[in-house]
Amino acid sequence: AQKITQTQPGMFVQEKEAVTLDCTYDTSDQSYGLFWYKQPSSGEMIFLIYQGSYDEQNATEGRYSLNFQKARKSANLVISASQLGDSAMYFCAGGSAETSGSRLTFGEGTQLTVNP
Amino acid sequence: EPEVTQTPSHQVTQMGQEVILRCVPISNHLYFYWYRQILGQKVEFLVSFYNNEISEKSEIFDDQFSVERPDGSNFTLKIRSTKLEDSAMYFCASRFQFGTEAFFGQGTRLTVV
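These protein sequences, in sequence, are chains A and V.
Take the first sequence: its position 79, counted from the start at 1, is 85 in the numbering used here, and no numbers get skipped.
Take the second sequence: its position 59, counted from the start at 1, is 97 in the numbering used here, and no numbers get skipped.
Some hints could be false.
Claimed, not checked - Here are the simulated DSS-like pairs of lysine-lysine, each with C-alpha atoms no more than 27 Å apart in a straight line:
1. 79/A / 9/A
2. 116/V / 80/V
3. 121/V / 95/V
4. 95/V / 116/V
5. 80/V / 95/V
6. 76/A / 116/V
7. 9/A / 80/V
8. 80/V / 79/A
9. 9/A / 76/A
10. 116/V / 79/A
11. 121/V / 80/V
Honestly, the hints are just simulated from the structure, not real lab data.
Because the structure is a prediction, the values reported are computed rather than measured.
Start from the sequences, fold in the hints, and give me the full structure.
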């Protein structure tokens with residue numbers, strides 16, 4: 007089973023600055039995946055980035071990067087050059103890569119507000 | 039770009055009525071999921087489906103819930119007798135295989151009155 011913890015209920019950042027959203031996880035699996043999703047006020051869940059536990063390099067997707075520190079069990083999302091459209095709820099999620107059809111377990115979310 | 043589509047986007051139903059939420063997963067995906075999100079709360083797993091059968095379900099997924107993949111493209115969630123506490127956003131998701139990213143539909147907002 008996975009447990010995902012996001013300790014920042016809300017974060018504020020100035021436009022064009024970088025921001026880090028924290029995520030820690032706890033799992034007994036040797037092989038697992040970590041995910042970040044963005045949920046704007048319209049409600050849909052938008053996949054941002056994925057990191058496999060076996061990946062040696064940190065994942066990057068455009069302005070998004072995942073700071074994966076396995077020993078610390080953390081998978082923080084870094085958004086560079088924040089834009090007003092980045093204002094949304096961000097969810098960290100984890101899932102086993104060992105069991106077929108494994109569920110994703112979500113954290114509580116962080117509400118990011120980008121100020122002009 | 040392929041996407042997961044859900045219908046309807048919003049459904050209002052009376053308590054005790056049956057509802058069916060519909061999803062069309064991405065065509066080459068093999069694993070299908072339903073999640074729900076009560077307003078202001080985190081996303082909760084309901085059920086996973088693979089090879090035409092349920093592979094895992096949560097404690098939320100009781101006898102009032104059922105899933106089907108009736109025709110090889112649609113994936114449905116049925117709530118047999120809705121309760122007020124079933125009001126939530128319901129998300130369908132699919133993935134090609136476990137250990138890869140899961141793509142979510144835009145959600146169906148279910149309101150039980």
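Results of checking the hints against the structure:
1. 79/A / 9/A: holds (11 Å)
2. 116/V / 80/V: Status holds; Cα separation ~22 Å.
3. 121/V / 95/V: With Cα atoms ~19 Å apart, residue 121/V and residue 95/V stay inside 27 Å; holds.
4. 95/V / 116/V: Given that 27 Å is the threshold and the Cα spacing comes to 14 Å, the pair holds.
5. 80/V / 95/V: It holds: about 17 Å lies between the C-alpha atoms, which stays within 27 Å.
6. 76/A / 116/V: Violated: residue 76/A and residue 116/V sit about 40 Å apart, past 27 Å.
7. 9/A / 80/V: holds (13 Å)
8. 80/V / 79/A: holds (21 Å)
9. 9/A / 76/A: This hinted pair holds, its Cα atoms lying about 15 Å apart.
10. 116/V / 79/A: violated (37 Å)
11. 121/V / 80/V: The given pair, whose Cα atoms are some 20 Å apart, holds under the 27 Å limit.
In this structure, the hints that do not hold are numbers 6, 10, in rising order.
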